[in-house]
Amino acid sequence: MSSGNHSHHVIPVKVYAAIFGALLVLTYITVQVSYFNFGVLNIAVAVVVATIKAMLVCLYFMHLRYDTVFNRIVFFSTAIFLALFMGLALLDSGARLPVKPSQFADNSPVPVDRTAEAAAPGAQPAVGGAEAPKSATPENKH
Amino acid sequence: MSTAIHGTSHGHSQDHHGHHDHPEYLQHHFSDAEQQVEASKLGMWLFLVTEVLLFGGLFVAFAAMRSLHYESFHEGHEHLSKTLGIINTVVLILSSFTMALGVHASQTNQKKKLINYLVVTLLCALTFLVIKYFEYSEKFHHGLLPGRYFTAHHENPHVSIFFGLYFLMTGLHGIHIIAGMSAIGWVLWRAIKGHFNSEYYTPVENVGLYWHLVDLVWIYLFPLLYLLP
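So the protein sequences, as listed, match chains V and W.
Residue 128 in the numbering used here sits at position 128 of the first sequence; the count goes up by one each step and never skips.
Residue 55 in the numbering used here sits at position 55 of the second sequence; the count goes up by one each step and never skips.
Everything labelled a hint here was simulated from the structure, so no lab data went into it.
In this text, all values refer to a predicted model and were calculated from it rather than measured experimentally.
Using N, Cα and C, we set each Cβ at its ideal position, and we do this for glycine too.
There may be inaccurate statements among the hints.
These stretches of chain V come out as covered by chain W in the derived footprint (C-beta under 8 Å, 3 or more residues) [stated by the list, open to error]:
1) 46-52
2) 56-69
3) 82-96
Calculated pairs, DSS-like style, for lysine-lysine (alpha carbon to alpha carbon, straight line, at most 27 Å) [as the list claims (entries may be wrong)]:
4) W/Lys-193 / W/Lys-112
5) W/Lys-113 / W/Lys-41
6) V/Lys-14 / W/Lys-112
7) V/Lys-14 / W/Lys-113
8) W/Lys-41 / W/Lys-139
9) W/Lys-41 / V/Lys-14
10) W/Lys-193 / W/Lys-113
11) W/Lys-82 / W/Lys-132
12) W/Lys-82 / W/Lys-139
Using the sequences and the hints given, assemble the complete structure.
So, in structure tokens, the structure goes:
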């Protein structure tokens with residue numbers, strides 16, 4: 001398996017066929033699982049099955065299992081960056097607004113908050129817009 | 001002879017492996033073919049990483065909006081056809097499989113098989129787009145559009161956000177399908193011209209990597225948009 005002088009590892013067709021079969025089975029599983037309600041775990045189950053499928057595609061179809069260590073580090077490090085991106089963004093959005101969707105999201109309080117927020121910055125450009133021509137003319141003279 | 005067809009355009013026989021005085025495909029700024037392949041593949045992987053982060057932004061938006069507007073997202077998701085989603089998933093997985101077999105065929109000097117697998121991959125991609133076209137036109141017809149263009153009857157106030165993200169994510173993915181099809185078409189043309197053999201098939205491999213990434217994105221899009229209850 002080492003990539004010494006023979007870096008182009010040829011994966012047998014049988015392996016590809018097995019991976020293809022496994023991907024179809026996992027697709028079947030993820031569809032069947034979606035008919036059950038696990039509550040909060042729904043998204044976790046979907047993402048875990050999808051990640052298993054993604055790993056199969058990466059390691060075998062994309063040959064990452066037989067690729068150089070550096071390429072593997074490059075690609076799998078994306079997962080870390082993506083996790084940081086998603087984790088911090090969700091922490092932020094979760095901290096800013098009430099978290100329980102049933103109490104909050106689709107009933108009504110949001111638009112009230114948003115218009116209040118939107119009105120404040122909306123007032124500033126109007127003032128700025130009025131001042132802009134005044135400041136623009138002296139700059140032109142200079 | 002029927003299976004092992006060497007690329008003829010280079011005009012030099014390849015009876016000894018690993019020794020080239022100066023193969024036609026080797027560019028001058030690389031010391032050897034090995035280094036050229038590694039550099040090319042590293043570049044491709046770095047590009048794929050940026051692609052992952054490009055889609056990552058939309059996945060973050062989806063997660064944030066879904067956690068805020070769960071009921072609306074649930075209602076929006078009910079409008080999507082699970083059946084068409086499943087068919088498209090199988091079609092894309094099949095296309096990834098045939099693309100992988102195409103790379104295998106080029107590794108083992110099977111020119112005709114390479115061409116056939118690339119054609120099948122293209123047909124799968126086309127099937128995917130045709131199904132997507134029917135899905136999109138059905139959504140348009142029912143007014144299930146993003147933002148203020150949303151005119152469908154709805155129970156929850158933020159269904160339009162779901163469709164905004166649906167069209168952004170599947171639309172960007174669809175653009176990648178078209179880009180992938182162009183790249184596969186280019187590789188197919190070069191394969192027909194006999195540019196590839198077991199010594200040189202980097203374009204086939206890199207286009208294959210791109211195509212698998214398109215499949216990878218769909219592997220996540222499908223359950224999140226179509227399946228999540």
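Hint-by-hint comparison with the structure:
Look at the region 46-52 of chain V against chain W: 4 of its residues bring a Cβ nearer than 8 Å to a Cβ of that chain, three or more, so the hint holds. Check result for the region 56-69 of chain V against chain W: holds, 8 residues qualifying (beta carbon to beta carbon below 8 Å, three or more required). For a cut-off of 8 Å, the count of residues in the region 82-96 of chain V with a CB near a CB of chain W stands at 7, and the three-residue condition holds. Of the pairs offered as hints, the one joining W/Lys-193 and W/Lys-112 holds, with about 11 Å between alpha carbons and a cut-off of 27 Å not exceeded.
Using a Cα cut-off of 27 Å, the hinted pair W/Lys-113 and W/Lys-41 holds, with the two alpha carbons roughly 23 Å apart. A threshold of 27 Å between alpha carbons decides the hint, and for V/Lys-14 with W/Lys-112 the separation of about 20 Å falls inside it, so the pair holds. Of the supplied pair hints, the one linking V/Lys-14 and W/Lys-113 holds, its CA atoms being roughly 16 Å apart against a limit of 27 Å. For the hint linking W/Lys-41 to W/Lys-139, the alpha-carbon distance of about 40 Å lies beyond 27 Å, and the restraint is violated.
This hinted pair checks out: W/Lys-41 and V/Lys-14 have alpha carbons roughly 25 Å apart, not beyond 27 Å. Between the alpha carbons of W/Lys-193 and W/Lys-113 the distance comes to roughly 14 Å, so the proposed pair stays at or under 27 Å and holds. A hinted pair counts as satisfied when its Cα atoms are at most 27 Å apart, and W/Lys-82 with W/Lys-132 qualifies at roughly 13 Å. Note on W/Lys-82 and W/Lys-139: the hinted pairing holds, with a Cα-Cα distance of about 14 Å set against a maximum of 27 Å.
The structure fails hint 8 only (numbered hints given earlier).
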